[in-house]
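Visitor: Residue-level listing of the chains:
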Amino acid sequence: MSSITDIPARNSNPAPADVERKPLTKKEIAADHPTWCPGCGDFSVLALYFKLIEKRKLWHEKITTIAGIGCSSRFPYFVQAHGAHFIHGRALPFATGISLSRPDLHVFVFGGDGDAFSIGGNHFNHTARKNIKMTYVVMDNWVYGLTKKQTSPTSPLGFRSKTDMWGAVDYPINPMKQAIAAGATFVARTTHSNPNHVLQMMEAAMDHDGFSFIECLSECVEFYEGAFDASNPRKGGVFKEVPKDHDVTDELAAYRLASDPFPGYFGIFYRNPKPTKNAREAEIIRKSREQVQGLKDWEILQKTFDRLK
Amino acid sequence: MSESTVASPEGGAPKVSRISEAVIRIAGNSQDGIQAIGGFLARLAGRSEQEVMTFMTIPSTISGGPSIFQVRIGSGEVLSAGDEADVLLAFYQHSYEGHISSLRKNGIVLFDSDHVEPRPEWQNSYHHVGVPISNLTIEAIGGTARDKGKNIFALGLIARMFDLNVPKLEKLIQERFGGKDESIVKNALTAFHAGYSYAIGDLIETFRFMDSRKKGSQQVVMNGNEALGYGLIAAGVRFGAGYPITPWSDVMELLRRELPKYGGTFVQCEDEIAAVSMAIGASYAGRVAVTGSSGPGIALKAEASGWAGMAEVPVVIVDVQRGGPSTGMPTNVEQSDLNIACFGAHGDSPRVVLAPANVEDCFYIAIEAVNIARKYNVPVYILSDQSIATRIEAFPEPDLEKVCQDITPDLSPVAEYKPYDLSAEDGVVRRVVPGTRILNGKYPIATGLEHDEMGHPTGSPKLHMEMTAKRRRKLQALARTLPTPKIYGPSEGRVLLVGWGSTQGPIREAVDRARAAGDSISSIHIRTLSPLPPGLEEVFSGFNHIFVVELNDSGIYGYGGQLASILRARFCNPAIRGINKTDGLTWKVKEILAAVKAKLESNGSPA
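Residue numbers (my numbering), protein chains in the order written: chain A, 10 to 318; chain B, 642 to 1248.
Bound-form chain B, shown alone:
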């Protein structure tokens, strides 16, 4: 919590501090509605032109269990959900004991004194504030407070503690609970005000956020799965097919609910293979369609994705990565599907792999994926992950009139059509879809067999070579259009951190922190993993050490994870090494910095 203390208006009373940011961790059980508190805080930040990022853990059990929701709100840039909490709100003894270590020294632990017995040995290290949250909630709204209301009471406490905008919060509560029974809204507001009027300021100092540097910009607040779903709609996708699996299911549920408004539909299929096949069928019939999955579901889609590559039919495949292999860790994050996305079909199977950097990027990358698929007639993978899928961020509202696109196919008759025209520039042919009359009477077949230019099977060695090259040339042409990733920091130095996907924020924060301490360190973020963008060799040449920071295993040969292996193969550069971890959690900034330090001190460094 970066702060500057100002004199309290009432002399002797606890002081009010001006802060630029705060990290609040709420720990309880998943059925207590702690995600709701976090959601309110994130949305409030969005409406107050602040930056926000959240982080949550959920048990992969049906009946709930211990769960946390962490919110980092800032008046300046927020790049990660924060390494340490400034405030821990603990509902139970297990929440208190399990999460006190995530609190910074002298941080505030706000606990429900009806359930938590503070430990004497921690009294000196952390500022303990006990409030009988459960009983006060019962007093305020009746009932048992076992499941309902105490989260909103606690929100009231937090609102008072951080001097949050009460009318905006009331409005958010009304929006959230509105439409239901009126007594529910009333109870929620009563609980909120009971918490807000609790004299917490008598017990601890209170805080006030500095004005946001983003004053005046309109923001939307959502999680990565929502941003991805809405991005697909903006891209013009009107058909999707999927099968339920965590954490992909939210995207599927959103599309099922929303697509009919746009004249589209989403089908819940009997299995993952049916889902990818159906999406490819719909794409074949005209408009780029989407399927998606997580973990094992992605493996099941492999064969059909190879057909799309061979038959040159576009499709977008979303992979919300989770811990693997096999059933793995369904509610944890990992970046271990890069290999299957890049190479996960038999044969030389062309595909494009993109990964969003943050929630906002989920929206725009969906549009980009659709457009690449359409232009190059390839399967395009979007590698999201569990952390980006569930974290909430505020970002500038997109100009929807400008970005929304219509990808309805043109069925105007054509004189002739060769779906696999070898003379086409860069191997890229504009698709002519069923329903289109072809005036010379020669119709195309989309096929997984090696084929001639009309799609008829061939055993010709020459054609197989030419067609393989044609499919490859499309990706080479795409690569030429990609921008070289911008270097975050100076273009020359000792260390370059390379990242992809959802880890962009903590990597940049690590660079900021290390540079502030005088280290020579920069970073780049690779958004298109296959094909790789041009110019990386020049970027790498400016640094002594290239550390690829990934949430996956460091590999059999020990030099790095999945992207590191691809980059080593591509650039034959032994300066490329990996910084990896597989604990199923997002990077903490201090973990990255510690790993950089350890790597530099270890042997085998080329400089």
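Chain A with its partners taken away, still in its complex shape:
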């Protein structure tokens, strides 16, 4: 029986060799037409995910697109690949189950600020600290969109919503600080209004061996129009990139960048590769299997049962 960390599955009837396969076209990657409102920032993120798949020559069957619940979490339906639309806030542990048992797959998780920092807040911290190999893109729109304008954990103070008609009174979460403090090994920030930058961040995240987190500002034109204008030069704002001399391995420097008031910086705040849980578990398995070398699974169990007589 194969180990989950090496040969994950049998393949009795191989498909035509990959060399004969042409890179996928956008048409082949696109599935349902998105249900998002016209003008939603999420369209941009989806288009750039397609571009990433095309550019990096990923095959349908080699990626899994996972999401929880929310507007942005409808994402997997729009991608022609294996995917799952899981429950609210729990996309990260679900994706962890895939990542740890299927090292042959690229695991991408998409979601919103409610999924990531409210109902799923604890999972965010623990997936980051365990450094599970996957890419997590949070499309942050500062509002609950699917349920039609309630306060989100990233809504700024004073934001008027259906649950804070006088303006939000709870201090918002700073996703970048949250990620750095939780021990994420790749932390980047981008915005839907700068497509080239989004793609650049996605590529860097995908290449990172570990938990890679991107906060992507993604405007909700229906319930929080204009929220991110200050970061969009076309709307008179400033797109301020992370300074060239920023040391991405300096945790405190990254934290200071994250403290810059809105619109803040865009780019890679922190990148400090550390052994992943995937690698550490594989090492435990390798060592454990040295002691049972050459034995079939039932023979390993037999040795245990012999001691229980």
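Hint data in this document are derived by calculation from the structure and do not stem from the laboratory.
Yeah, the Cβ is synthetic: ideal placement off N, Cα and C, and Gly gets one too.
Stretches of chain A that chain B covers, calculated by requiring three or more beta carbons in the stretch to come under 8 Å of a beta carbon on chain B:
1) 64-71
2) 109-121
Rough simulated footprint, nothing fancy, chain B against chain A, three-plus residues with beta-carbon under 8 Å:
3) 94-100
4) 126-137
5) 291-299
6) 310-316
Please build the complex by placing chain B on the supplied structure of chain A, with the hints as guidance.
Guide: What follows is chain B alone, placed relative to chain A:
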């Protein structure tokens, strides 16, 4: 203690009796290693082709406290841990006073005379034997004997009393303490021999077990949590996720330790929800994975289990039941999670619920659960409980070469794939997992939203009806494959006892005892609680009274507990009534018999 006396070889000395079984209760504090004595006795019985069952109570505190370990060893069938002890070994005054009532009249109480002051009023009812266990242990091995050694000394006393096989016990002691400091093994053996050579035979009669009727069969000895863990490994499970909670934690610790040898892994998660989500994620990715919990943890897994039902992704959820609700009684037994296992998710959420009857069954039911989950793409609950989890039994060694299975997913490309194909026979579709190329370029989404055949969301009333029916039809198909439970006893009579889970043994023993006394009584054991097996209606029709024996509350309407309610709803049969208790302890045979008698004498009986 069933016995037949034979003449003692040395005339005037106390006699030696031949016995077919004995119940020994060891009472002390949990830090005294009384579980170790019980463990040695159980393992010895296993190696001597005898049957054995143990019962223990542990305090739910960190620093220990009063605790007991009861062992019933028999040369014939052992169905329960025994209602009354033949021998009580008491280390302290509280052990003596607290447990004397569990001793049968004229039973032997063996006590540590360094700590126990016998009560004069009990001298006539029980045979008192005082041995200065603490001081003799200090004499033998030095130290204070406060925590170490006196349990092994006492094991020596018991070994002499029951003429147990000394070389086998020495070997067990060496295996247990081997690998540590050599002086530890030496001390243990010294303590054992000091106890064994204490002339206990001068004080009381001694006993010898009759030859076992199982002569020649190879047995393994373990508790229910171990059997469940190893069963999951045999089933091919290579990924699990969990969160610590009593009494489930042992299964999780075992899998964490063992799975890497098989190329698998087990993740300790941040919480119960993460654990079930991770297991479902791993199952989605290919191989059926496991999560588990007890008590409140099971409630936390409810939402994700509903997703698995809706998305038709298999997962095995182990519930080692304890006393509830809420934090309840963490180290006591109860069968009060049947409802949450059967119905514990919102919506019409299909799931399968199985419950093991004994330790051996824990091993095989784990394999069955995995295979049902794989075939029908449903969440499968295994309802174990605290008593089966912690009790030790000996059972015939499984043929591992035959039962161990490989459930590695097949990633061969497929021409096309509809994960929710409505035309599939019985609604059962073979899953195609990530990593599989689908040649028509149409890929599936696993989803909790109501969906079409490809997994894309739909608001169509027609599709919701059809998909709901599809999910239900799978369970109906499974039900058709289940065997009708065999009736223990004649198929017609006055009373039928219905049981599930860990209570099978005491229920059967109650039937044996009642039938021996001339009563018309039989029993059945239901192993698949949802869906129910076919043929129960015919079984029930042979009896005037159907009493569902459960360790849970008798319910608001008073006719019975959780299974009784399900059976009443299913069969509309007012002859179905409950026999229930909620004291957090396993059934004693006499309790069942007394309850049957009371029910028959009470009003409202239909016959």
